[in-house]
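Going down the list, the sequences are from chains A and B.
For the first sequence, numbering that gives the first Met the number 0 begins at 0 and goes up steadily by one.
For the second sequence, numbering that gives the first Met the number 0 begins at 0 and goes up steadily by one.
It is possible that some hints are incorrect.
As the list claims (entries may be wrong) - DSBU-like, lysine-lysine: derived pairs with alpha carbons at most 30 angstroms apart: (1) B:270 - B:388; (2) B:664 - A:151; (3) B:175 - B:146; (4) A:27 - B:689; (5) A:69 - B:664; (6) B:711 - B:661; (7) B:376 - B:388; (8) B:689 - B:725; (9) A:166 - A:136; (10) B:661 - B:689; (11) B:689 - A:151; (12) B:578 - B:641; (13) B:255 - B:388; (14) A:69 - B:671; (15) B:270 - B:372; (16) A:69 - A:166; (17) A:69 - B:725; (18) A:69 - B:641; (19) B:372 - B:255; (20) A:69 - A:27; (21) B:725 - B:661; (22) B:270 - B:376; (23) B:546 - B:490; (24) A:165 - A:151; (25) B:270 - B:578; (26) B:711 - A:69; (27) B:661 - A:27; (28) B:725 - B:641; (29) B:490 - B:388; (30) B:661 - A:151; (31) B:671 - B:725; (32) A:27 - B:664; (33) B:641 - B:490.
FYI, nobody ran anything at the bench for these hints, they're computed from the structure.
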Amino acid sequence: MSKQFQFKLVLLGESAVGKSSLVLRFVKDQFDDYRESTIGAAFLTQTVNLEDGTTVKFEIWDTAGQERYKSLAPMYYRNANCAVVVYDITQSASLEKARNWIRELQRQADPSIVIALCGNKSDLAVRRQVSQEEAQKYAQEEGLMWAETSAKTGDGVADIFTRIAKKLPTMAPPASRSGPGRAGTSAGRTGVDLNKQQRSITSGDQCNC
Amino acid sequence: MAHWERDVQSLLRPSERLLLTLEGSYLQHDLEGDSETSLPISFGDTSLGSSSEETRVILAIVGHVDDAMGESGSVFLYTEVDAASKADHDYPLFLQHTFAIHTEFFLDISQLASPPHAHHLLGGSLEAMHLPPPHDTRFCVQLAEGKTIYTIVTNDMERLSSVASACRRLRDLASKISNNAEFHQWLEPYSLHPSSWLSVNPPRDLRHACQPVHSSLSLGYAGQPVNDTADYVVIRDDWLWSRSLSLATAQNASEKTQLRIRVGTFNVNGKLPTQDLSTWLGSVPPSSGTNHHEQKHSIPPLMEPSSHSLSDKGTGMEEGQASAPEADMLVVAFQEVDLSTEAFFNFTGSAREDAWTVAILAALGDKAKLYEKLVSKQLVGILLIILVKRDLQSRFTGITDSSVGAGFMGIMGNKGAVAVRVNYQPNPTSSSPSPLPIAFTFVNSHLAAFDDHIEHRNFDFHDITRRLEFGPCTEYVWAPRTKHREAEPRKLDIYSSDVLLWLVNLNYRLNLPDADVRHLLSSTPTSQGIHTLLQFDELKGCIRHSKAFAGFDEHSITFIPTYRFAANTESDAAGHDIKRKPAWTDRVLHKSSPFVPVSQRSYDAHPWITMSDHRPVSAEFLVDIPCIDSMALDLAANGLYKSFATFDPEDPEDPSGVPLLKLDKSALEFGKVSYSTPVSHSLNIRNAGKVPAAFRFFARDHRSLIHPLWLKIEPMAGFLLPGEEKTLQFTIFVSDTIAAPLNLGTQELFTLLIVHTLFGQDLFLSLDGEYVSTCFGTPLSVLARLPGPIRELGGAENLLPETQVDSSSSREFMKLMGWLTAHNVDAVHDLFIAPGDEALAAQIRESLDTGAELPAPTASQTVDANYARTVAAVLLAFLRSLPESVVPSSLHQQCAEITSRDEALEMLSAFPPESVNVWIPLTAFLHLLALRDHHQAEAPSERPDKRPTTPEDAQPPKPPSRAEILASIFAPVLLRDDIDAASPVSLLGKRQFLLFFMRES
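Next comes chain A alone, as it looks inside the complex:
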C-alpha cells in the first residue's frame, strides 16, 4: 500500500503579492482578476500524488498579509511543517518583507520547517524589479527552496508544491512537534505517515503545557 502523509502549510508574505491567488490556483486551478484582500486566515486542503505512489495532503493556512495583522501570524505558522513565503517580482520591497518573514520563521517556527521562497506574478516580467539571480542567491544562502510562479497563468504553481511534497516526507521526523490538525477530518496526524495511525498530539506533545 502506498504511503500517505499530511502536512500543515502556511502562506506568508506582504499584502497583495498573490498568496490567496496562488492557493486558489493550486487547490481549484482557478484565477480571479479581482480578489478581495484577505482579512483573516483561510483554510484549504489539497492532495498531491507523487510518482512513487505517495500521497501528500496539504492543510493550507492562507494568512492575511497586512501589517496590522502581523501579530497573529505566529498562531498560524506554529506547528507548520512547511511555509511558502511569497513576494511579488514587480515589487522589490516585497522581497524585503519576505526576508523578514523568513528570519522570523527561522527564529520562531519549528526548527524542521521547510521554507519555500516564491516569486509570484512571473507573467508580469516586463515590470520586473527583483531579478531571478538575486532571489536565487538569497535562497541558496539560506537553504530555501525557490521558484517563480504565476498564479494567473498557473506557471510553476503545481511544480513548487510538488517539490515541497517530495521534500517533506524525508524531512519530517516521526516524532515531529506537530500540533492538532484539522478537527473532524484528520485531527492529530499532521506530518506523519497515515498508514501507521500515529497520533502525535495525544502521545507526545501534551506534556509541554
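For chain A, the structure is supplied; the task is to place chain B on it using the hints.
Here is chain B on its own, set in the frame of chain A:
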C-alpha cells in the same frame, strides 16, 4: 397528488420515510358508535366524488428503518383540515390514526357497488386478494384496530394495488420479528396525540438553556480548532431550539396564562404541628411586616385538626381582611419531620405526613376545599407535599418522584433530598390545540450540618443533582433528528425542566465572627445589617463562584436569619440562640428556562411560628406559561432541520461548498472612551456561502483571553443559514479593577479579535478606542508620582521616580479634601450619605483629571449643601475606585485587633506613606463631623449586657451616633472587605479601629 406527499412528508420525523399515499374519502367511521369526533362522513355512494363538502382522507404508508430491527411500516390515516380552520393551522392535515403493520394487521378491500362487507377479505388473506373487475371504479378500503374501524372510498385503483402489495411486504417483514412492541416503538410519538404527533423532546437541560452557547464549546485557538464537529453541533442545536421556540411562540404571544405557586420550607426539628400555619402558606396576608409586637397577639391558635370539617373552619383572622390571591399550586417542604432512630432504618408510616397535611389544610381554612393533594414524597425526615387547585388537577400529568440519601455513609436518609417532577398542560386554544407541556421540578433538600463543612455541603449538592433521577419517562421518546442519534427512552434529571424550584435547608452559614453577625442584626436599620451580612453568606459565595447551585436565582432577603431560635436557652436581642451563630439556613432558589419567565413576588420568614428552632420561610412565584403549540413547534423544528440537514458536520467536505462568513467591517473605531462609561458599536456577520455556517470567537493561544477584560461581545457564537445576517455588539467598559494600566498608558484600547468559521476560515477584526485617562481606578502610590494632571502624563515613563516624590500624596485627593475642610460643611447632616448631583459630579471628576479648578459653586458666597454633598460623594467614589484598599489588606487583621487609641496611632507607622497621607486628613475631617452630632451624647460602644430571652423583651435599638454611621460607611472603603476570604476580618474590628481616630481621646 404530489402536494399531498409533500404535506405528509412535512408531518413526519426525519427518521421516517413516506413510501406511498392514497387519496380517498370516508365512507363510514367508527362502526362501534364511539363517535367522539365530528368528522363529516359520507354515507352511501350518492354524494361520493360530487360534494365539495366531503372530507378528504389521505392514507399513507410510512416506513422506518432501524439499524438493529430492520425495516418496519405503518399505515397513517390523515384527514384534510377544512378550509375554514386552515387559517388557524400551519399544517394541512390531521393525523387520524396510525396502524402498525404487524402480523395481525387488517386491511380489507372491496368493491363499492356491493355492501361494504359482502366481499370482505380478512387481513390474513391478503396474499389471496384479487381486484374486482374494473366496471365500477370505486373501492372500499377498511382498516381496523380493536373496535375502531375506518372505511375509505377511493377510485385510484392503481395506487390501491400498490398499497396492498406494500402492506403485504411490510407484514412479511414483521412476521420475522418476535418482539412487535419494540419493532413499532417509533410509532409511539405519533400515537400520543390523536391529531398529530406531540413534541416528545423533554425540556432542554436548564444549565444549557440559561447559559450563552459559547460557554459549552471546546477550547480552541487561532489556527488550531480542537473539535469543530462537536462545537458545530452544539451551536446549531442551540440555534434550532431557540429559533423553533420563537417561531412557535410568536403567533400566540397574547395567549399567555399565569400560574401562581406558593412555596414554603420549614425545618420542624421533629415537632408535630402545634401552631397555625396560615400566614406561612399565604392563605391570610401577613399583617404589617416586621412589627412583631402587634402581630404576636393576632396569631390564632392552631385549630383542632379534623379532616371531617376542614372546610368549615375559619382562619381566626378578623372579618373583612383582604384575602391574598390564591395560589394555584402549594409546594410545602419540611425537614426533620421525624428525628426518631427508627425512622433512619425503616419507614415509620405516614402518621407525621398526615399530621402536617392536616395542619396545611387547617391553615387553608375555607379555601382547603379548593385544593387537592397532588403528590407527596418523604425520605426519613424530608417531606415534600404538593397541593393544587382542584379545577387544575387534571392539567398536572406525568408526576414522578425521586429521592436520594446523603447522610451516614453517603446513602442514609437523615440528610439528602426528595424531588417531584410534574408536567403542567396548558389549556388548549384555537391557535394552540396541543400546547406544549411545561415541566416543573421541585427539590427539597437537607444538607450536612456543622460550620466547617462547606466542601461537604458542595459535594452533597453535586452528588444529589447527579443522583436525583426520574424515569425512564414514557412520556418522552428521544426524537431522532439526525442519523447519529438513536431513539431511546429517557431518564431525566432535575435539569430536564422548564422551571426548577429548590427548597432548601442548607446549613450554609455566615462567614463572619459571631459578634459581627449579632451586632449587624441588632443595628438600625436592620435592612442595612442584613445587606452587609448577606455578602458573607456561604451559599451566595458558592453561587458566585459556581461551586454549588451555579446559575440559580434567589430573591433578595429582607428577613433576619431563620436559625437558630431555641425555647429554653439564652438568646440575643434578635431572639437568636447565643450559642449558635445565626444563619439563613432556609432558602428558596429557582432557575427557569428563558421562555418560561418566572417572577418572584414575595420572600418572607415567619417569625411568629415558633414551634421549631428554625423559622419557616415562604416564597410566591408567578410563572408565565407560554402558549406554544407542540405541533407548531415540531413543524418549525422540522422545517429548520431541513434547512441545515444537507451539511453533515461529521463529513464537512460538502460538495456544495465550504462555510463562508463575511463581516461587513474589518475594523471598529470607538473614538473616545471614558472610564466607567460603556460605549457600544456593532457590525454584521453574514453567511455568504452556500452551506449553513457556525461561528465563534477564538483566543490566540492557551495563554490568551478571547477578548480583553474591557470588552464584551454579544453574541460570542452563532449559526447562520446561507444569506442570513446577524448583528454582533461590541461594548467597551473600563471598570475600577482594570482601569489602572489604561490610565497610565501601559495598555491601550486596541485588540485584534479572531472570528472562527467552523470548518472554514478565521476572520480578523481590529478594534480601536482612544482612552481618556482618569485618576479613578489608579493606585494611590502611582497618583503620588504624577508630575501633573493625569491627562497630561503621556505614558508611565513620565512618572516621577519614587526618590523624587516629596509629599507622597495624591493631588486629586488633596484637592477634594482641601475643599471640604475649607468650607463649613459639617452642618450638612447627610454628607457622604446623600448621592449629590450627577452632572456636577462629572464636572468635578473632569477637573481632577485635567488639573482645572473645581467648578464654581452655583451661589456666589454661601456654600450650597448640594455642592458639598457632591464633593463628598466624589471623594467617596474616588476612594472606592482605588484598585487597592487605602489600608493594605495585609494589615487589616492587625488593625481589627487593636484595642486602644494609642495602639491605633502606632499602627499608622506600618502604613505606606501615601496611605497615611489619606488617612490622617480624612479621619481628622470625619472627627470634626462626628463632633457636630448634636442629637446624641456620645453613646457607649457596647450596649448593656442585657439578654432578653423572648422577642417582646427586645428593646428597639438606640439610633447610632454620627461617628458610628460614618465609621460604617468608611471602614469598608478604607479597609476594604474581602467577601471571598476564608475567614474574613471582623467588620466590627475595622469600624472600631477607624473610630479610635474619630472620637475624642
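Outcome of the hint check:
1. B:270 - B:388: Holds, at about 28 angstroms.
2. B:664 - A:151: 28 angstroms, holds
3. B:175 - B:146: Answer holds: residue 175 (chain B) to residue 146 (chain B) is near 26 angstroms, not above 30 angstroms.
4. A:27 - B:689: Given pair residue 27 (chain A), residue 689 (chain B) holds - Cα atoms ~17 angstroms apart, limit 30 angstroms.
5. A:69 - B:664: Holds, at roughly 19 angstroms.
6. B:711 - B:661: 21 angstroms, holds
7. B:376 - B:388: 19 angstroms, holds
8. B:689 - B:725: Within the cut-off at roughly 17 angstroms; holds.
9. A:166 - A:136: Judged against 30 angstroms, a Cα distance of about 20 angstroms means the pair holds.
10. B:661 - B:689: Given that 30 angstroms is the threshold and the Cα spacing comes to 13 angstroms, the pair holds.
11. B:689 - A:151: Between residue 689 (chain B) and residue 151 (chain A) the Cα gap is close to 26 angstroms, so the pair holds against 30 angstroms.
12. B:578 - B:641: 66 angstroms, violated
13. B:255 - B:388: With Cα atoms ~19 angstroms apart, residue 255 (chain B) and residue 388 (chain B) stay inside 30 angstroms; holds.
14. A:69 - B:671: Holds, at about 25 angstroms.
15. B:270 - B:372: 22 angstroms, holds
16. A:69 - A:166: 28 angstroms, holds
17. A:69 - B:725: Holds, because 28 angstroms separates the two Cα atoms, which is no more than 30 angstroms.
18. A:69 - B:641: 41 angstroms, violated
19. B:372 - B:255: 26 angstroms, holds
20. A:69 - A:27: 27 angstroms, holds
21. B:725 - B:661: This hinted pair holds, its Cα atoms lying about 11 angstroms apart.
22. B:270 - B:376: Distance of about 19 angstroms is within 30 angstroms: holds.
23. B:546 - B:490: 25 angstroms, holds
24. A:165 - A:151: Holds: residue 165 (chain A) and residue 151 (chain A) sit about 24 angstroms apart, inside 30 angstroms.
25. B:270 - B:578: Distance of about 21 angstroms is within 30 angstroms: holds.
26. B:711 - A:69: 24 angstroms, holds
27. B:661 - A:27: 21 angstroms, holds
28. B:725 - B:641: Roughly 21 angstroms between the alpha carbons, so the hint for residue 725 (chain B) and residue 641 (chain B) holds.
29. B:490 - B:388: 29 angstroms, holds
30. B:661 - A:151: The hint holds at about 25 angstroms.
31. B:671 - B:725: 26 angstroms, holds
32. A:27 - B:664: 28 angstroms, holds
33. B:641 - B:490: 28 angstroms, holds
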